[in-house]
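Enquirer: Fit chain P with the ligand to the supplied structure of chain Z, relying on the hints for placement.
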Amino acid sequence: MPVNLALGHVSNDFLIAAIVIYSLSVVAFAGDFAFGRPRRAETTVRVRQARARAAALATVGAASAAAGGGGSPPVTSPADEALGRVASGPAAGDSMPELAVPALRAIGQAGPWIRTAMTLAAVAVAAHLTAVITRGLAVHRAPWGNMYEFVTALTCVAAIFFLFVMIRYRAWALGVFVMGAVVITLGLAETVIYTAAGQLVPALQSYWLDIHVTAMTLATGIFFVAAVLGVVYLVEDRYARRVAAGRAAPGNGIMSRLPSIEQLDRLTYRTIVFGFPVWTFGVIAGAIWADQAWGRYWGWDPVETWAFITWVLYAAFLHARATAGFRGRRAHYIQLLGFASLMFNILVVQVFITGLHSYAGVS
Amino acid sequence: MTDVRAPEAGPSPAAGQDDRQAAPAGTGRPAGRAYGIADWLKWGWRQLTSMRIALVLLFLLALGTVPGSMLPQEGADPAGVQQYYTSHPALAPLLNHLGLFNVFAAPWFAAIYLLLFASLVGCVVPRTFRLAGSARTLPPRAPRHLTRLPHSAEYGTALPPDQAVEVAAAVLSGHGFRLRRCDAPADGWVSAEKGYLREVGNLLFHLALLGVLVSVALGGLFGYKTDRLLVQGDTFADTASALDEIHLGRLATDADLAPFTITLNHFSASYITSGSQRGQPLSYDAQISYTAHPGGPARTDNLEVNHPLSVDAAKVYLIGHGYAPVFRVTDARGQVVYDAPTPFIAASSGSSGNLLSEGVVKVPDAQPDQLGFSGVFVPTAIDVGGTLESAFPAADYPAVSLIAYAGNLGMDSGPPQSVYALDTAGMRRLTADPQSLLPGQSLKLPGGQGTITFTGYVPWVSLAITHDPGQVPALACGIAALGGLLLSFMVRRRRVFVRARPGGPGSTVQVGGLARTDASGGFEAEFASLAAELRSAHDRAVHAQHEEE
Ligand code: HEM
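Quick note, the sequences are listed as chains Z and P, same order.
With the numbering used here, you'll find the first sequence wraps up at 363, consecutive numbering, no jumps.
With the numbering used here, you'll find the second sequence wraps up at 1549, consecutive numbering, no jumps.
Simulated from the structure, these hints should not be mistaken for lab results.
Incorrect hints may appear among the rest.
If you only want the chain Z side, here are some residues facing chain P, beta carbon under 10 angstroms, derived [said to hold, decoys possible]:
1) V303
2) F308
3) A315
4) G325
5) G328
With the Cβ distance kept under 10 angstroms, some of the chain P side facing chain Z (calculated, not the full set) [to be verified]:
6) L1048
7) S1050
8) L1055
9) F1104
10) L1486
The model shown is predicted, which means the values in this text are computed figures rather than measured ones.
All C-beta atoms in this analysis are idealised placements derived from N, C-alpha and C, irrespective of residue type, glycine included.
Chain Z with its partners taken away, still in its complex shape (with noise of 0.2 angstroms):
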């Protein structure tokens, strides 16, 4: 079936509105850091009125101490030190206590700015997400056959996925960083990669591709997000170890509003074992497709090399949290490479090293 020009220009108008309303949410975010309120001694109110309300409620204290405001250390054996396993104490507790607060009324209370902001990024996403799925009825096939769709589809989730955290933790101090980075990355994507909507050879005409690049753009859209996440994780450790060598004056304005580092760090190992199965599984998909289509399921193609090599530093990444002396600074250093292994493989290897994924589209 032709394209449909005219919903082609659809598509990209969103997109534009998309990355237009994406950068206001990031003026807003910003804003919330220069004028907002800041939020930490809140955080420690509310945890403590919740956790009155609570134990007048039921007794049932689930939440025993702050997990915002750190305080005793962290229930963790010489055996645990050296079997490898981080002990859910209360420093590093389950709780992020503002959970108490439905999430509407969460947003209502963070001040103009993170409401403003969240309402953009809402916005910006629905427009994000119109402009992938005019893609797709405009080419009659899933829109992520191209290297400029699939970073238009990834973005998408990644911003999508970060919505849902942003709601779910109440993590939005993180929303200038998420979001600043999907405006980035879509905004390369429309300079340097842009590709009119068009037609796929023979071998990409298959549902198990379908399948296949589905699954590695969700993947590829949750690392985005642990990526930014270890980013914020890495300059906030790096802070607290200045802080702590006394190069740097505690009691940071930017660093007081940031999620604590444990909760970034659980944020993080959530969000890729979120992204892991799903990395595992597109993987395995694309293989079946390579099958079909080529007659062997694995063959060192190097896209498939660097899907693998991805795959292992994930892994890696997974052990690591599990091995005295990894954890923490570490871990996160193990996941970024894997994320920067992700990246050269859709901006380097799939563009300038020839292989049988004729996928790039871009000459």
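Expert: Leaving out everything else, chain P with the ligand in the frame of chain Z:
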């Protein structure tokens, strides 16, 4: 273990034991006496199976695959390797020595993954035993101070301690927890544990990875991959002599080839005809008929990209196509010495060259001199500044351009020749410029050497025939690995303890919870609802007692 903090919790069978393999690096070395070989071996094995070494090996694996994607590889791209030799004459032999042109078969690469899998076995097998053990042993005793656990709750109830514990045990076992009761009734507590499947998932994942490796090895040993170019109208039997290229697995022989025959009845391709993607292929369709066994019934099938034909444990793939111009050659005596389609090969891959194809015609039977032609076939001819170019990949306006040679083709001596290259060392050129022909046109060779006629063209396809006995096992193991992963991430191993002490009108109940693993979160909510349920169960029990009284 986190939960074994209370002094009363002495070394119970479960205490101090963990199902996670974790020989701490550097502590396994026997101290204070000379090391024997056995000690060193034990130490080395302990090191190898430690998490730290597993991590290092994973890193090495990732690192080791990198050159395999950056340098041309012999298996996938032999021409690229040749080219690398010409462009880097000093470096290439060194790289070759290090196995960098065949990374995935190099000994050092095998060393990495074999060590990794040795480590995996050394890690997984003990874990399996311990898992089996832990399925039989009880959870540890309840610590004394449950409020110190990451999750805890405390409330009063009118029930006496032993009854309170009884009610709690009923609730917990109703949720599928495995229970451990206090040994003395005065000491009121119950321990509960759940989520053993998480370890099962982790083991399944690692064992399945091992299975994938074994499956790949199986394919490498017993599988094969062959290629055959088939001109429309031709038939071939899947035997070693009829195939163009054969790559047999180490333990496979020619006799393993599936004994089928295939005829290409018709091949068609369609292309995008307008717009910026003009010339890009849309679909290929090869209509074939085949017999699975000699003398078997003939069947027909449409071979398309992504739709291989399965026949007798082998699979036949359509992996390429092109044109075979048909030439008729008469020699100086006026005899027809050649009349056949001759496959020409696309000069550039992808759709950029629009299937401008190159090839040679060798006529060893021509007399008195042998004849040879090298030429170009263009499906849709246009003239660009005097040279023939192709404007579109479909054969809308086909033409050939030929250079003729006469002399000795050199086919009787020396190493076997490629059918796609002409050795002109013993030949003299008959035509100064390439001569273009349209279908039906002839070229008279100078000096009465004969005539060549371009009578038409037929399409050809290239087929890959593969057999990989490891394919299905690899897929099964891949799915098992994924299932194990999901199990391991979604199931959390957790313990809940309940303690009741005399206090107030009845007893004070403490509930403590601990998630040993909680990859996707949610224990906090589970614990809260469990604690609430325990409390209301105690309330109900109190009510029931009042009513009885
Ligand atoms: C082929 C190489 C390997 C890969 C790709 C791999 C991958 C993974 C992945 C993805 C996980 C997280 C999933 C889960 O928790 O179930 C994991 C966990 C684990 N792996 Fe491996 N692994 C490999 C080899 C090994 C080896 C050699 C060991 C032992 C020395 C090992 C021990 C463990 C342990 C103990 C865990 C559980 C960690 C935890 O509880 O968080 N793995 N592995």
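Enquirer: Find the hints from earlier in the document that the structure breaks and name them by number, from lowest to highest.
Expert: 5 and 6
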